[in-house]
Amino acid sequence: MPENRQLSNRWGRRDNHAMTTIIPEVPAAAVELVRLGRRRAGRPAVQDLSLSLPRGQVLGLLGVNGAGKSTTLSMIAGALRPDSGSIRLDGRDFLEQPEMARQWIGWLPERAPLWPELNVIEHLDAHGRLRGLHGTTLREARTTIIERLELQPLARRLAGVLSQGQRQRLGLACALLHRPALLVLDEPANALDPVQVAALRRLIREQATAGTAVILSTHLLAEVTAVCDRVAILHEGTLRHDGPVHGDDYAALERTFFEIAMHNQHDAARAA
Amino acid sequence: MSFVPIGMSAVMRLEWRRLRMRPLGWVLAALTLAWLGWNFTLLLGSFLAGQIQRAALPDGPGFTDLVAVPLLGQLAQLAFLVVPLLTMSVLAGERRNGTLPLLFATGVPASGIVLGKYLATLGWLLLWLALTLAMPLLLAHATHLDWGKLAAASLGVALMLAALAALGVACSSFASHPAIAAAAALILALALWSINLGAQLAGINGGAINWLAMSTHEQPMLRGLVSSADVLWFVLLILLSLALATRRLDTERERG
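Keeping their order, the protein sequence lines are chains V and L. Just so we're aligned, residue 1 is where the first sequence starts under the numbering used here, counting upward by one. Just so we're aligned, residue 1 is where the second sequence starts under the numbering used here, counting upward by one.
Please note that a few of the clues may not be correct.
[Unchecked claim] Per label pair, the in silico range of CB-to-CB distance:
#1 L/183 with V/252: 53 to 59 Å
#2 V/139 with L/96: 28 to 34 Å
#3 L/21 with V/165: 31 to 37 Å
#4 L/21 with V/150: 20 to 26 Å
Derived from the structure by calculation, the hints contain no laboratory data. C-beta: ideal position from N, C-alpha, C; glycine also.
Work the whole structure out from these sequences, hints included.
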């Protein structure tokens, strides 16, 4: 278990003094990408990407199709190794210690891949065990997340027969089960109805308030203005914009996004 | 490093659960055990019918030679079909479901994923072997069993199941579709079994080609002869297959 989490669990119990002695004066970023690069299908999918995200912040990752969002998230989640650069989790090199992913990161990939022959409870148990939870801890975590995501009616249903929206909720439950310090969500609102989208936004804000760093990849600008503190725009694998989201200033974000996307289209047209 | 066994055991439990929930495992077990049960009855009937003639022979074949070992031999034949079907989805199915990256993202090393899945499959196969063995063992009180010969034959079949399972996992790690994995595992297993067929027909009983063949190492054990060289051959095949599967997954994690 990450050191800071152990300490925060002790807070208010018996050894509060430990907090002042062990936690560094300047807390490290929850995740820090340093000049990250990755080629896919013979072309650079992500190039020279540097980003840093502190705890409690929600970063929206925007980009057109093929911008490199999913590749970036796969690398952060530990499913794909970068060709160059480094990823630091809480100041430690994640590529040197890939096992950190087990407890640190919760990942919801695009389209929530599931094992069709397992039911909802079995999924949560399998994910919990893979993330190092056992016995009572696992049962408690499972009960909590089932209640939080209102999965009780689906608890015994096989994943293979769930609707896309239900699969998405189960995927989200699996990502949140072990209370990760970094939550990586790839298009989490896909196939959710408006009520579920609103619930998802509340959940993301809740996680951020509890100190979790959240990276949210989406195509929807409204999603970013609704829940994110910061937005990063990727285009052709490179970071083109990284700045705060000002309240619900949808128009400003839209302008920035289209400037980046269209500017490159003009460049391409000119080059042709 | 306590993490490796934790991750591996979680993968093993997951795979075991999936094996239990998939109808394929149950259908294969039911059909093959019914087939073996029927053959056991036939072998037993034939054994009982010839008992009087064999009584005249001083060192004539007994229950173990005529019923128990042939039954294990039939299980070994069925294994060529059952094991590829059972292992085909182990990794190719994960790849197809899109769940393989999820396993990578838990930080479990490729060796842990491969070993966990292999051990779960092996557990199913050993259970299958145990249920088959239970048939002759149920009659142990009523007949004379050659325990040494039965143990050697059981070890031979267990090693063969373990080797075929490792081969199946390796094929599954390379295949994009479970059906391709099953076909590849079946072809490789049959080739490995009969690679020395030509040499045998030509009357050549030694050399590298005979050493390569699985039958060379399996048949002595079915006759009750256990040699460390034969055991080592199976262990080498298992290690090589699992190492290949691990390497393939590592490459996949690297290349995406």
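Structure-based check of each hint:
| no. | hint | in the structure |
| --- | --- | --- |
| 1 | L/183 with V/252: 53 to 59 Å | holds, 57 Å |
| 2 | V/139 with L/96: 28 to 34 Å | holds, 31 Å |
| 3 | L/21 with V/165: 31 to 37 Å | violated, 23 Å |
| 4 | L/21 with V/150: 20 to 26 Å | holds, 25 Å |
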